[in-house]
Amino acid sequence: MKVLVAVKRVIDYNVKIRVKADNTGVETANVKMSMNPFDEIAVEEAIRMKEKGAATEVIAFSAGPAQCQETIRTALAMGADRGVLVQTDAELQPLAVAKLLKAVVDKEQPGLVIVGKQAIDDDSNQTGQMLAALLGWSVGTFANKLNVADGSVEVKREVDGGLENIKIKMPAVITTDLRLNEPRYASLPNIMKAKKKPIETLAPDALGVDVAPRLKTLKVEEPPKRKAGIKVKTVAELVEKLRNEAGVI
Amino acid sequence: MDFEPNQEQQMLIEQVRRFVREEIIPLEAKLDPDASELDPADHARLVEKTKAMGLFGIDIPKEYGGPDIDIVTRVLLAIEMAQHRAGLYVPCYGTFGGAGLAQIFEANEDQKERYLYPTLRGEKKAFFGLTEPSGGSDPAGAIQTRAERRDNGWVLNGAKLYISNADRAQYGIVFARTDSSKGRAGITCFIIDSDTPGFHVRRVVHTLRSSHYATELEFKDCWVSDHQVLGEVNKGFAVANDRLTRQRIPYAAGCIGVAIAAHEMAIEWAKMRSTFGEKLSHRQAVQWMLVDNEIDIRTARHFTLEAAEKARRGLPFKIEASIAKLTASEGGGRVVDRAMQIHGGMGMTKDLPLERWYREMRIRRVGEGPSEVQRMVIAREILGSNLR
Ligand SMILES: Cc1cc2nc3c(=O)[nH]c(=O)nc-3n(C[C@H](O)[C@H](O)[C@H](O)COP(=O)(O)OP(=O)(O)OC[C@H]3O[C@@H](n4cnc5c(N)ncnc54)[C@H](O)[C@@H]3O)c2cc1C
Ligand SMILES: Cc1cc2nc3c(=O)[nH]c(=O)nc-3n(C[C@H](O)[C@H](O)[C@H](O)COP(=O)(O)OP(=O)(O)OC[C@H]3O[C@@H](n4cnc5c(N)ncnc54)[C@H](O)[C@@H]3O)c2cc1C
Chain A
1 MKVLVAVKRV IDYNVKIRVK ADNTGVETAN VKMSMNPFDE IAVEEAIRMK EKGAATEVIA
61 FSAGPAQCQE TIRTALAMGA DRGVLVQTDA ELQPLAVAKL LKAVVDKEQP GLVIVGKQAI
121 DDDSNQTGQM LAALLGWSVG TFANKLNVAD GSVEVKREVD GGLENIKIKM PAVITTDLRL
181 NEPRYASLPN IMKAKKKPIE TLAPDALGVD VAPRLKTLKV EEPPKRKAGI KVKTVAELVE
241 KLRNEAGVI
Chain B
1 MDFEPNQEQQ MLIEQVRRFV REEIIPLEAK LDPDASELDP ADHARLVEKT KAMGLFGIDI
61 PKEYGGPDID IVTRVLLAIE MAQHRAGLYV PCYGTFGGAG LAQIFEANED QKERYLYPTL
121 RGEKKAFFGL TEPSGGSDPA GAIQTRAERR DNGWVLNGAK LYISNADRAQ YGIVFARTDS
181 SKGRAGITCF IIDSDTPGFH VRRVVHTLRS SHYATELEFK DCWVSDHQVL GEVNKGFAVA
241 NDRLTRQRIP YAAGCIGVAI AAHEMAIEWA KMRSTFGEKL SHRQAVQWML VDNEIDIRTA
301 RHFTLEAAEK ARRGLPFKIE ASIAKLTASE GGGRVVDRAM QIHGGMGMTK DLPLERWYRE
361 MRIRRVGEGP SEVQRMVIAR EILGSNLR
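The listed protein sequences correspond, in order, to chains A and B.
So the first sequence is residues 1 to 249, counted in the UniProt record's numbering.
So the second sequence is residues 1 to 388, counted in the UniProt record's numbering.
Just so you know, these hints were derived from the structure itself, not from any lab.
Where is the CB? At the ideal position from N, CA and C, for every residue including glycine.
What you were told as hints is all true, and nothing was included just to trick you.
Computed, partial: chain A to chain B, Cβ under 7 angstroms:
#1 A77
#2 S187
#3 P189
Simulated crosslink set (DMTMM-like; lysine to aspartate or glutamate; CA at most 25 angstroms straight-line):
#4 A:K193 / B:D2
#5 A:K219 / A:D12
#6 A:K195 / B:E4
#7 A:K196 / B:D68
#8 A:K50 / B:E8
#9 A:K193 / B:E14
#10 A:K102 / A:D210
#11 A:K16 / A:E91
#12 A:K196 / B:E4
#13 A:K32 / B:E294
All chains, full assembly: derive it from the sequences and hints.
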């Protein structure tokens with residue numbers, strides 16, 4: 001079974017995000033970029049499946065500018081076998097990515113697609129679900145634990161207030177949550193090997209996908225500054241403040 | 001020369017950076033500000049990780065089982081490995097493994113069996129005994145510890161000063177005078193087991209490095225056999241000369257790593273802190289400190305990578321190594337000093353790593369060849385040998 005994992009190039013989680021002066025987006029020039037952390041978890045899970053013999057090949061997919069090749073290389077250095085880059089400088093929204101992924105799935109016929117539950121830049125939490133709908137496949141979102149057996153996959157899902165166990169038919173789409181695993185460090189030998197692993201570059205046109213944005217961004221702003229909190233001594237005082245100062249009850 | 005890391009180096013940098021942030025710094029938060037060791041269980045757990053990364057034994061040459069990385073990559077990783085509180089003294093608390101002293105790699109096969117391999121396996125620790133009360137900058141002239149021929153061996157008498165970790169080592173390398181008529185050409189290098197009769201650690205010398213101390217050693221009719229001579233008699237300074245010069249380059253890189261970390265802290269703080277109704281980052285006095293930090297860091301990084309690149313290519317790199325050591329230790333000291341100033345009172349406290357870096361960085365202008373001696377090396381090169 002092939003496993004396809006999606007890896008997105010995003011602003012590094014350690015970078016303090018700054019809004020552009022003209023409010024059209026966030027500053028990305030000279031900003032450190034890395035693999036979306038949820039996608040690292042997806043790559044790790046796929047590699048573990050291969051190590052356990054549950055998968056035969058791990059393919060890392062990315063869509064975006066040429067530099068996404070570096071993100072794919074990171075996945076290859078972790079242990080993925082080869083990469084597919086859909087190269088475009090266009091702004092990519094979740095639906096476009098889902099369509100690109102579907103086109104690659106049609107070509108590669110993986111038994112499982114693993115993607116992050118969301119990317120830490122736009123926090124959309126949509127691509128995996130949209131892909132499953134486009135493919136007509138089962139989907140297990142927010143995976144906390146996975147177990148592949150006899151044409152189906154058991155997914156322990158992180159849901160509000162606890163965990164939910166489901167069993168879905170394969171082929172399937174999985175979206176990863178934080179606690180699914182702890183991604184490994186890429187090792188020196190694997191980093192050197194990654195150099196020689198193939199990355200196929202495709203264009204959206206060649207896949208027959210129109211990636212034009214369907215949503216329009218009007219304005220990007222800093223979140224309002226939070227005011228400092230206060231400590232109250234008694235419940236009575238709390239209720240009084242909520243009623244008279246905050247006006248919420 | 002192009003000093004931009006290539007893609008593989010960049011990936012390695014990122015692995016080590018993540019290791020420092022996710023494994024070292026959280027543990028460090030629970031340690032004493034001057035600690036130089038992790039809890040043994042944590043240490044063992046992290047060594048498993050660095051082994052899985054393929055980077056354990058990072059200073060061990062490839063032919064002895066170390067990772068296959070060149071000195072430029074080593075420098076880039078040393079810059080990352082130093083970016084935590086104990087980073088100048090014990091980068092990543094030794095979880096990337098130790099290495100033998102440079103000289104011991106050039107020992108004979110019998111000595112390698114007894115000393116080098118156990119050291120590489122982590123079973124033995126060594127001290128380096130060069131400096132004496134009579135001076136360390138010019139050991140060839142200053143060494144007074146004598147070794148005299150007796151019973152198919154040598155008898156050592158004398159003292160050594162400021163020797164790190166000798167009280168915790170199983171053996172050490174000791175330089176002694178074997179021919180008093182010959183100056184530099186009369187010094188021999190010996191391997192001394194710490195339990196040899198006549199050898200002892202006379203005194204602990206406390207320094208501004210409160211995490212650990214130096215020691216004073218005494219040799220009183222300390223007899224060792226011929227098997228303990230490292231290299232040839234009267235050629236002690238010829239042993240590992242090239243390795244020693246090389247060692248200065250990652251040494252410089254550690255200073256750069258700490259300078260980068262201090263600089264980043266200062267930038268963040270200057271943007272947050274307001275006085276007299278304005279952010280510190282809006283004050284030219286503070287901006288110029290940050291600019292000077294940037295220049296010091298870039299200068300040191302440039303010269304250190306230049307030295308590494310020349311060493312990698314097999315070109316002469318002696319001057320370059322001295323320039324790297326100078327710019328990184330002196331520039332690094334200035335950067336940490338300015339970062340402390342920008343932090344005000346908080347910069348002086350043990351709540352932040354700055355004050356430890358400040359003390360450790362100060363040692364770096366004396367250790368591994370003091371600044372003046374580095375300048376002397378460069379002067380000799382640019383003025384020609386007749387200066388000697
Ligand atoms: C914390 C610590 C740990 C150490 N660990 C070790 C160790 O493990 N093993 C070991 O062998 N040594 C060790 N040393 C000793 C260190 O290497 C020496 O202190 C150093 O070599 C300087 O020697 P010195 O202290 O005798 O100073 P001196 O040689 O007396 O020099 C004093 C000052 O004069 C300057 N100077 C010397 N000659 C000239 C000149 N020609 N022109 C201009 N200026 C000059 C020097 O740069 C220095 O600033 C350690 C020192 C410290 C502080
Ligand atoms: C060991 C120690 C003991 C102390 N004891 C006492 C005590 O007993 N009682 C007490 O009240 N305080 C005490 N202090 C606090 C000390 O007085 C303050 O640390 C000092 O006034 C600086 O204030 P700050 O730390 O808030 O730095 P900040 O005011 O935040 O200043 C940070 C840096 O910015 C610089 N800066 C500030 N404004 C400007 C400007 N407009 N332009 C350019 N640069 C600027 C400052 O010079 C400083 O370098 C002590 C501090 C220490 C370290």
